[in-house]
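> Just so you know, the protein sequences line up as chains W and H, in that order. The first sequence begins at 1 in the numbering used here and counts up by one. The second sequence begins at 1 in the numbering used here and counts up by one.
Some hints could be false.
[As the list claims (entries may be wrong)] A few chain H residues that face chain W, going by a derived Cβ cut-off under 10 Å, partial list only: (1) VAL192; (2) GLN195; (3) ASN452; (4) LEU461; (5) ALA463; (6) LYS471.
Note that these hints are calculated values from the structure, not bench results. For every residue, glycine included, the Cβ atom is placed at its ideal position computed from N, Cα and C.
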Amino acid sequence: MLKLSSVCYQYDEKPLLNGINLSVGEHEIICLLGPSGSGKSTILRLIAGLEKPQSGEIQWNEYDLSEVPAHKRNFGLMFQDYALFPHHNVYENIAFGLKMQKLSKTAIHERVELCLKQVGMLSFAERKITELSGGEQQRVALARAIAPQPRLIMLDEPLGALDHTLRQTLLEELRSILGENGIPAIYVTHDQEEAFVLADKIALLNHGIITQYGVPDTVYRNPESLWTANFFGLNNILQGEDTGENSVRVSFPSAEYVFPLPLHISSKKGQVIHIFFQDGDFSQDSCENTYCLKGRVNQNIFRGYEYEIKVLIEEQKEFTFHSYKSCPVNQMLKIGYHIQDLHFFL
Amino acid sequence: MRKYFNKNHLLGSLFFLIPLIFLIELYFFPLFSIFRSAFRYLADEITINWSNIGHVFWFTFWQAIISTILTLIAGFPTAWIFSRFNFPGKKIFNALFTIPFILPTVVTAAAFNALLGPKGFINMIWMSVSGSSSPIVQVMNTIWIILLAHVFYNTSVVLRVIGNSWTQIDSKLEDAAKTLGASPLKVFSRVVFPQLKPSILSACLLIFLFDFTSYGVVFLLGGPKFRTIEVEIYYQALQMLNLPLAGILSIFQIIITIAVTLIDKRLSHIILLNRAPKIFGENLRKPELRWEKIVVFIILGLQFIFLISPILALFLRSMYVFPSESSRTTIASGWTTVYYQQLFVNARNSIFFVPPIKAILNSLSIAIAASGISLIISLFIVVGENRFPWTGKLESIFMIPIGTSAVTLGLGYLLYFGRDIQKIWLIPLAHSLIALPFVIRSIKPAIFNIPNSLRQSASILGASPVQVFLKIDFPIIFRGLINGFIFAFTISLGEFGATSFITRPDRPTIPIAIYRFLGQPGLMNYGQAMAMASILMTFCLTMIVIVDQKE
């Protein structure tokens with residue numbers, strides 16, 4: 001299907017993409033996840049043919065697309081601002097791509113009706129674009145993008161401009177509509193929740209490089225770098241130092257912990273190593289796990305369906321936990337980890 | 001990568017090819033001919049009456065300065081009440097007071113003739129009331145009528161430029177000064193005036209420039225005695241046949257125009273810097289005190305009389321024959337459409353061997369052709385700039401003609417085209433060049449306001465570049481195109497300066513026909529001038545109403 005190999009792109013001498021490799025298979029939804037300025041939208045523009053890469057190749061079924069102009073690629077792209085045509089009504093907007101394919105009037109009519117039905121906007125066909133709310137515009141934009149039955153659909157932060165509650169409902173709809181149509185999709189977002197809900201695979205993008213790629217929960221649970229952990233908001237991280245004896249030492253004024261260093265980390269003696277502590281079981285007295293951290297409850301915040309508990313490890317570094325049970329402030333805790341819960345990176 | 005950029009440059013250049021040829025052939029070559037002709041003088045050492053030229057320059061300067069000062073005085077009170085008060089009918093007054101600015105010079109000349117001329121409205125009434133046979137107001141062919149017409153023309157500049165800037169000045173500052181113990185005079189001189197100064201200067205420069213390059217008004221109302229540089233260029237070129245001297249005058253004119261424009265550019269930058277965004281209407285209130293109501297009423301009334309009476313007089317004179325007039329001719333006195341009817345008739349003793357209706361049709365077809373050409377050329381420029389942003393640097397050269405006076409352009413054509421001056425296509429092309437900067441300005445924002453994502457969406461949905469233009473750009477900017485067309489159309493209909501150089505005797509335009517009628521003795525000629533001027537004015541007013549409604 002779609003394949004990008006070492007695609008590089010720069011704008012005004014500034015490199016935006018540095019060797020992107022990515023492929024999208026049949027029925028697959030890929031999420032490009034990353035902060036703003038990481039180059040997510042640029043990748044879409046390159047695939048769509050709106051920009052040309054300086055080097056590298058974009059292929060569809062082994063066929064090089066570099067000489068195919070945007071209007072002949074038969075890809076769909078839904079813009080962040082929806083880019084609905086203000087001089088056309090809802091129906092005409094959705095019919096636009098079909099007219100370009102020179103379909104018959106009846107065929108166009110059938111397809112538009114179907115798409116309108118799918119996004120639940122059948123009664124809005126004759127409305128002007130300016131009379132639509134943000135959410136309605138979003139649906140029309142989606143209908144317009146899927147109407148010509150593109151080989152691939154790309155969505156550029158489609159929920160970015162909407163408020164939180166609307167996003168939740170539309171996200172679920174989007175998921176089912178994309179599923180129904182079975183069109184392979186690339187979805188760009190900076191919101192990890194959206195990515196988790198929709199994606200079959202997530203490509204994490206930072207400074208024009210895909211830093212991590214995989215199934216959502218694998219990516220989330222196995223951050224491979226400090227940046228990835230920080231981006232996901234995973235803050236239960238301690239900083240230690242390579243002892244030179246295949247172990248990491250984390251020193252506090254009050255205590256010292258030593259953890260074995262996995263073989264794939266190639267560090268030198270004295271080098272800084274970050275350890276991400278995943279999950280963890282906490283209890284007041286006993287600790288049955290291999291590794292135990294000691295801490296004191298600093299804040300106990302009720303979040304509705306759970307408590308957010310902030311624990312100060314050895315009075316130095318704050319960790320965050322989620323629990324169904326409340327934990328009184330200032331209680332001393334022991335937090336236990338298995339070796340597979342620890343993730344090391346430089 | 002290199003290949004890509006070459007293709008980009010090539011396509012972009014293609015867009016500019018036609019406009020560039022148009023500009024070079026219709027602007028730069030004619031201008032170059034003026035320079036060449038002027039330099040030939042230096043070589044040939046033709047004797048020139050420098051004291052006469054000095055006299056022309058001196059007159060051009062002082063009449064422009066006096067006109068500017070008078071315009072400022074005439075417009076200032078209205079600018080004040082427009083920027084500080086809300087009153088019923090304000091929008092209508094605002095629109096009415098802009099009318100003079102858009103009137104073609106021949107219409108203004110005809111209108112003042114209809115009001116103050118020897119056969120004008122005031123004199124006719126005076127004569128029929130007093131029984132006297134000589135007019136009481138004798139301002140035609142004096143400096144007074146020139147000054148009056150200049151003030152009439154440019155008052156709306158004062159209202160727009162100074163009024164807009166004054167509306168932006170926070171009225172709370174004035175209140176603050178009052179509470180600090182400042183008298184009304186002090187409030188103005190210490191608080192309002194310093195903030196208003198840049199825009200006053202800017203308005204003055206603009207008005208000065210208009211008055212300095214005044215041609216039609218001086219030519220048509222001042223008679224042979226008064227010559228601005230523009231008028232002198234005409235005399236030297238077409239009557240004295242001293243083309244090198246006309247060229248030298250044109251060059252001086254261009255230099256002064258450029259200098260004033262550059263100063264104004266700097267100023268408008270300052271005005272922009274000083275402008276704090278304000279909620280609309282924040283500084284406006286209803287006149288409440290008794291004296292305020294009276295002052296607003298008087299100022300509005302006087303301004304209305306001054307700006308609207310010539311227009312009304314023109315309409316009236318085109319439709320009304322006084323008894324004293326009818327006694328000397330076969331035309332019955334009272335309300336009549338005879339002047340209009342006569343436009344369709346080829347009177348045997350007329351100087352025309354074509355009936356005036358031909359002039360109207362001629363003008364209309366020239367205007368349609370000129371607007372069409374202007375629109376197409378501007379589309380090439382603007383779409384080219386939009387699709388290939390690097391060409392944006394080229395656009396500014398198409399704005400240059402705005403600073404060149406129509407007379408200079410006419411002279412350039414005379415020198416450059418030589419025998420081709422008689423060709424039918426020259427006038428439409430000249431008009432389209434004069435209108436070009438205005439058309440570009442009216443469609444450029446329209447096309448640049450379209451978010452690029454719309455075009456990209458269309459392209460991704462399968463529209464080729466040409467289809468993108470036809471299906472996206474074109475329908476969205478359609479209104480802008482109509483406006484641009486109307487601007488060009490109105491400019492072409494009223495154009496007098498350049499046309500007076502290149503017109504063919506057997507193919508007059510409306511302004512040329514009016515000018516000829518005004519120069520002929522006899523009631524019928526006078527009446528037909530009034531009728532044609534009224535028609536031209538109606539065209540212009542209709543156009544402006546259409547544009548206004550669309551916006």
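> Against this structure, judge whether each hint is valid.
Now for the hints, and whether the structure bears them out:
For VAL192 (chain H), the interface hint is violated, the least distance from its beta-carbon to any beta-carbon of chain W being 41 Å, above 10 Å. At its closest, the beta carbon of GLN195 (chain H) sits 38 Å from a beta carbon of chain W; the interface hint therefore is violated under the 10 Å criterion. Restraint check, ASN452 (chain H) versus chain W: the minimum CB separation of about 9 Å is within 10 Å; hint holds. For the restraint placing LEU461 (chain H) at the interface with chain W, the shortest Cβ-Cβ distance is roughly 4 Å, inside the 10 Å limit, so the hint holds.
The closest approach between the C-beta of ALA463 (chain H) and any C-beta of chain W is roughly 5 Å, which is under the 10 Å cut-off, so the hint is satisfied. The beta carbon of LYS471 (chain H) comes within 8 Å of a beta carbon in chain W, closer than 10 Å, and the hint placing it at the interface holds.
Comparing the model with each numbered hint stated earlier shows that hints 1 and 2 do not hold.
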